[in-house]
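**Student:** Please model the complete structure; the sequences and the hints are all you need to start from.
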Amino acid sequence: MFELICNVLLFVFLGFTYFTHVLEAKVPKSYLKNPNVLHPSVWPKAIIILLLICIAINIYKIIKKNKGNPEFTFSAFGKNSVAFFKSKMFLGMVILIVASFILEPLGFVVTGALIMFCYGMLLGEKKWWRLAIIAVVLGIALHIAFSGLLGVNLPRGTVPFLRSFSLFLENLV
Amino acid sequence: MSLGQMFVSGLSAVWGGGTMFLMVIVAIVLGTIFGALPGVSATMAVALGLTFTYTMGPVPAIVFLTAIYCSSITGGSITAILFKIPGVPSSAPTTFDGYPMAQRGEAGKALGVALLASAIGGLFSALVMFLLSSPLSKAALAFSNGDMFAITFLGLSILVVLDTDHILTTIISGLLGLLLACIGQDPMAGVARLTFGQSNLLSGMEMIPVLIGLFAITEVLKQTNPKKRLSAEDGVGNKGKVNTKMPSMKELWSIKWTLLRCSVVGCVVGILPGAGATIASFMCYTMENKLSKHPEKFGTGIIDGIAASEAANNAATGGAMVPLLCLGIPGGNAAAVMASALALKGVQMGPRLLTVQPEFLSATFITMIVTNIVMVIVAIGIAKVFAQILAIPYYYLGPIILLLATIGSFSEGNFVGVSVMVIAGILGIVVKYMHLNSAAIVLGLVLGGMCEKYFSQAFQKAHIVTTQMGFGDYVSKVFGGLFGTPIGAIVMTACILLLLSPLYMPLIKKARGKKA
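Read top to bottom, the protein sequences are chains A and B.
173 is the number that this note's numbering gives the last residue of the first sequence; the numbers go up by one with no jumps.
1516 is the number that this note's numbering gives the last residue of the second sequence; the numbers go up by one with no jumps.
The set of hints was computed from the structure by calculation and includes no laboratory data.
You can take every hint at face value.
Only pairs whose alpha carbons sit at most 20 Å apart, straight line, appear in this in silico PhoX-like list of lysine-lysine:
| # | chain 1 | residue 1 | chain 2 | residue 2 |
| --- | --- | --- | --- | --- |
| 1 | B | K1432 | A | K65 |
| 2 | A | K126 | A | K88 |
| 3 | B | K1453 | A | K45 |
Okay, the calculated bits of chain B under chain A, using three or more residues with CB under 8 Å as the criterion:
| # | stretch |
| --- | --- |
| 4 | 1042-1055 |
| 5 | 1172-1180 |
| 6 | 1191-1199 |
| 7 | 1211-1223 |
| 8 | 1394-1400 |
| 9 | 1430-1440 |
Note that beta-carbon positions come from the ideal geometry of N, C-alpha and C, so glycine has one too.
**Tutor:** Take a look at the structure:
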């Protein structure tokens, strides 16, 4: 059922995109004066049309394949959805989304240590204190290695004392 | 530049006063370890390797990434033999004979065969790449835009044949990749398309974060599910010690034809866009089983099986570089990641590479030669300590991959890159449940820009009209753009036949069945 819903959503989204967002600005008249050029909307529109046809066939195939399947119902989908939202994979996704938001204010050292700690716990490490030490050490070591040694700019954070700490680490090398 | 000059230029690039050579060794160690770690594919190894190359110049970057790419494929065989865990998917057939040999106490012999076969396959393909690149690049310079479109499109069409069980979803995946490549300003008029009002998308999809997300983040998310976490078959039976007794010369001589056949087939499969090391190794293992005088012994622990798989998957690495360097078309996922990384460095992949930037081609060739030789020594050393390295539990390895992926996505100094990586990683899971083909999406994304540019230019030049264009003119222009030259017509016909094969192949099979 998940596959079917995703395909339907994709179909609707592509249909909406076809009519509203293929071109976000007007094509310069000087460009259109040349009758031999390809209009900028042709290529994406052709792809979307092909996609809509293929997805429609795919939706038909999914429905045909799962006809009579007891798992192919909305109630079964609801149960599976609840199970998914309780799963470790979903929590992993949440950790990553949160990390992408806190990276700018907290910087790489803290965010990296938090990712290491939270994901390590999620993956089953029982000794949290050992993981916490490794997470902090690794966050600092990677920042020094990449920012200090390899010259790759990593986020220092916008919180003043975290930024100062990152700068201090970079100046160590 | 002659072949001899290229050889010398490549040697000086790779030696680089000793520091570059040291870097190659570091890359080989990293690549072998990445490749051997379960859950880190060759593509992910190259993607993670990118993190280290952001401050490098183009030549060091190409040397570093090529060394990681080649050695990661070989690294996968170590865990395949010792623990029955293929470090990379292309080493899966190596487990069939490698692991039974390790259990019999012949781990050293199995590793020796795997490493030597890898080296021979890799060297063979590097040589093929070197010899083919120059004439192919020169030939490609004479190609018209329509020809180049047809060749690029062929890369996408081949995917349909490779995944015959999921043809429709593969086509959808390829088209989605092409559509993603349309995001941003159009290549001819510079008009914003599919940006949904987001100014961040004006410059197009950020390729590297998308690739890191699809290959690294998705894999870690998959491994988060405890039921599917990678684990060794058992305690290996060697208790952390690896028997390093190497195969004899007589044993190696007995597999000479296997090595040759699989190197050739692996290289050819590698050249085909979309087909990669995994298909090459499975194909060659099956082929050798059928050609063998003792097929019943395959799977029980014989060196032929290991040699077939490892020679093929390493030969595919060099093969995959041929279309990438000569035509700008990546032969597989890892090559696609390399293409994106090298484009950032200003490397112009394609027919003009040989004339404009020949040092990149020669550096790649010599790196492959050096890597495949040095790798044998390095990998034996790593294999001896690998029982300890593999003891790193996934609850440390997984988060470390996430940290490296974050650095890789941010290294252009853009926070959007990290968000794109996370979104791509999550979408990778959705793609998996929708039974879509992530390799096809990536190929579509990488080739999309080229496809559109070549098609637009071919369209513009074909059937020139001076007044307003009518429908007939439009059809003539499309037809002329695609089929206007002999090469374009042949390749486009091949593409159409490939794309329609799902329709007519069952009919042919049915007719054959009736005859039989």
